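*Asks:* One-letter residues, chain by chain:
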Amino acid sequence: MDFNRPIATALILFTIVLLIFFLVVPKYNQFKTLQQTLGEKQAAYDAKFAYYSEIGTIYAKLMEKKDIVEKIDNAIPSELSYGSLVYFFQKKALENGLIVKGLFLSKASPINPDSDLREIVFSINLLGEYTALKSFMASLERSSRLFDTNNISFGTMVAPVTPASSSSSKAPAKSPVQIQIIQTYPFQLEIKTYSY
Amino acid sequence: MIFYFAASLLVATVLCYLIFILKIYLQEQAIKNLDVETLNVGTDAQKDEEKIVFGYQKKVNDYGMLLQNHKFASNVFSFLEKDTLPNVWFYRFSMPMSQNQIDLAGEAETMDALSRQTSAFEKNEFVKKVSILNSDTGVLGKISFNLSLQLDPKIFNYITPPPPEIVEEETTNPEVILEPEMPAIDKLITSFDLPLDPEVVGVIDQEKRTVTLSVPQGTDLSALAPRINLSPKATVMPVPDEVVDFTTPVVYTVAAEDGSQQSYTVTVAIASASEQSAETSKSKTGIIFAIISLAALIIAVGLGIFFFLRKRSKDNNKNNVAQNGF
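Protein chains in written order, with this note's numbering: chain R, 1 to 196; chain D, 1001 to 1326.
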């Protein structure tokens, strides 16, 4: 077959140029981009690997401080148990010489709409002496569980007996707050605690 | 000769194109595999540990927030006991904690006792304001009164020593025993993260006071804005979220509430593994290109020589035929 070789050569060279520009170079660019992506993915993989390794280290450190972790767990329990709370209030009241006349759950809702931490508010009616109330309050404040007091109120409709007329009382004759030596009082407390 | 060389070059170009297609296919497969591997990084146990760690991080934050707002209501009783005069009695007490206020109803022996009692409350550092809502002289000459005390919220932070009979050793909460009025001395960086995609978590060495981070290849180290968490009430310079140049190690100085300071050296580096892999793949690409170019050249030259020799032998045969008369 006869053909003009110079023209054929020129056509081949032209085709080569076209092929390089329209096929080889785009593929090369795609190859480079993928190579970069591969590097990034590899880095992400390594970072994730390092992340879990770090999590493992932190977890180990956390477990080393288990006593502190347990205190936080006690302060804000992961699960709410009304039964144990009611039992706790009754136990502490009795221990401190108070009688629980009434215990009502008045609120159990998240502390804010974005939080899963809930505040549980109890209204407690107690009967007893002023010193017993102080001890009870101190018990709550020293408890490993976190309790906040929203409201305290107490009193009597009857005017108190003066120290002179109460000299027969078993309480000390002189006390900084005379209210405590006279009689038992009905106390109304609003106590707040937290749970998830 | 040029024609055959050009033809060989064309073949080499097509070959080159096919090799790139093959390489791209292999790379896509490698990326897919890496994606799957990345998703599978972390065993179930590690993921459980992650949940626990983040759970406790949240709990600690919540606990800190609650402790900051925690009030010791019983402190008020000590305050009242200390400041109540002997000839004054209270028979009604109400304390709504949200208002930091105490409403009292009581009786005083004389008006003088009531005024001295009011004065005693006014002088107390924790009482901001005393209001006498009303007072009335009774039949026996005693003064019935209603008082309202506006309290300084600090009174609820102060904690008095507990009476001996109510100490509970087994349930003592050490956080409660802390003296909240003392300025905080903690000055730790508790977390140091770079909000990249994916987020880069800094490794903090509290003993050496260093923070190291490994960022993906291509990250601009000269402008990064780290997120920093500190001990409660501590401050840090440069401030969190400020854009900082991390091309060289940067010193962050954390100051506690009491004014004491300590410094952390923060080093951000391009992930070594990725750098290595990038370098490896770069050198691989160079080798591939060199091989392809060499192969194309050899093929082109070989084909050129082959066709040239073939043509030459054909020409010789033609000449022989012409000379021999066949």
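What the hints contain is simulated information worked out from the structure, not anything from laboratory work.
Note that the coordinates shown come from a computational prediction; the quantities given were computed from them, not determined experimentally.
Treat the hints with care, since some could be wrong.
Capping the alpha-carbon separation at 27 angstroms, the derived lysine-lysine pairs in DSS-like fashion look like this [stated by the list, open to error]:
1. D:1082 <-> R:65
2. R:65 <-> D:1208
3. D:1059 <-> R:192
4. D:1233 <-> R:48
5. D:1058 <-> R:134
6. D:1071 <-> D:1059
7. D:1051 <-> R:71
8. D:1071 <-> D:1123
9. D:1071 <-> D:1082
10. R:27 <-> D:1051
*Asks:* All hints are to be evaluated individually against the structure, with a verdict given for each.
*Replies:* Going down the list of hints, with the structure as the test:
no., hint, in the structure
1, D:1082 <-> R:65, "41 angstroms, violated"
2, R:65 <-> D:1208, "20 angstroms, holds"
3, D:1059 <-> R:192, "18 angstroms, holds"
4, D:1233 <-> R:48, "32 angstroms, violated"
5, D:1058 <-> R:134, "33 angstroms, violated"
6, D:1071 <-> D:1059, "19 angstroms, holds"
7, D:1051 <-> R:71, "19 angstroms, holds"
8, D:1071 <-> D:1123, "23 angstroms, holds"
9, D:1071 <-> D:1082, "20 angstroms, holds"
10, R:27 <-> D:1051, "44 angstroms, violated"
Comparing the model with each numbered hint stated earlier shows that hints 1, 4, 5, 10 do not hold.
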